[in-house]
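Asker: Those protein sequence lines, which keep their order, are chains P and X. Numbers in the numbering used here are just positions in the first sequence, counted from 1, shifted up by 21. Numbers in the numbering used here are just positions in the second sequence, counted from 1, shifted up by 35.
These are calculated hints, taken from the structure and not from any lab test. Note that the structure is predicted; figures quoted are calculated from it, not measured. Hints should not be assumed to be uniformly reliable.
When the alpha-carbon atoms are kept at most 25 Å apart in a straight line, the in silico DSS-like pairs for lysine-lysine are as follows [as the list claims (entries may be wrong)]: (1) X:103 with X:141; (2) P:78 with X:40; (3) X:141 with P:78; (4) X:106 with X:91; (5) X:103 with X:40; (6) X:40 with X:141.
This is what each chain is made of:
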Amino acid sequence: KAGVTQTPRYLIKTRGQQVTLSCSPISGHRSVSWYQQTPGQGLQFLFEYFSETQRNKGNFPGRFSGRQFSNSRSEMNVSTLELGDSALYLCASSLDTVVYGYTFGSGTRLTVV
Amino acid sequence: DQQVKQNSPSLSVQEGRISILNCDYTNSMFDYFLWYKKYPAEGPTFLISISSIKDKNEDGRFTVFLNKSAKHLSLHIVPSQPGDSAVYFCAATGSGAGSYQLTFGKGTKLSVIP
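I would like the entire structure built from these sequences, with the hints used as guidance.
Answerer: Here it is, written out as structure tokens:
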């Protein structure tokens, strides 16, 4: 079966712009989670959606937002980009909670210049 | 405050020998632990997990040990192979609302030398 698909793979944006990243989960998976990976902070949880509802949110500013559609596809948006937002953004899908198993996508590499 | 710590940023092991990767946690609410492996330009791949009701879980060459009193877990890879060279992340989650997210360590880069 197809894995988790994240688009685009690479993105270069300018400070102050906004960006939208997309994630298509494995078919049948209703939970989608987003993580930010940076060299200094490692992998940090952004938010998790299940059946279009945000169930949990990490400790990130309000510039980071997300949503999930009825087909379980998810998008995350970062507004007013800062240099420190440069990171690998990873999406993971699951049937439900973490114990059901996460499958990660390959990520979107965002560079803010 | 880092709730999951992997104190060794890197580890080098000879092919065929045992690799031991360590992880410590501070949050007593964590009751389910996972190890992920990550190659460059790819997402993390699940390796093995353990529930707090167990102290050991084995899957082929991979064994995870959990010491709840010490809040410590370790991943053993025996025998190590060059293809095991990657970054290994320890992750933890808790019951209830906490089970919707993973808390990761910063990773240990394992290099298996042929």
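Asker: State for each hint whether it applies.
Answerer: Going through the hints against the structure:
1. X:103 with X:141: Between residue 103 of chain X and residue 141 of chain X the Cα gap is close to 21 Å, so the pair holds against 25 Å.
2. P:78 with X:40: OK: residue 78 of chain P and residue 40 of chain X at ~21 Å, within 25 Å.
3. X:141 with P:78: Satisfied, since the Cα-Cα distance of roughly 20 Å is no more than 25 Å.
4. X:106 with X:91: holds (14 Å)
5. X:103 with X:40: Holds - the C-alpha atoms of residue 40 of chain X and residue 103 of chain X are around 15 Å apart, at most 25 Å.
6. X:40 with X:141: Distance of about 7 Å is within 25 Å: holds.
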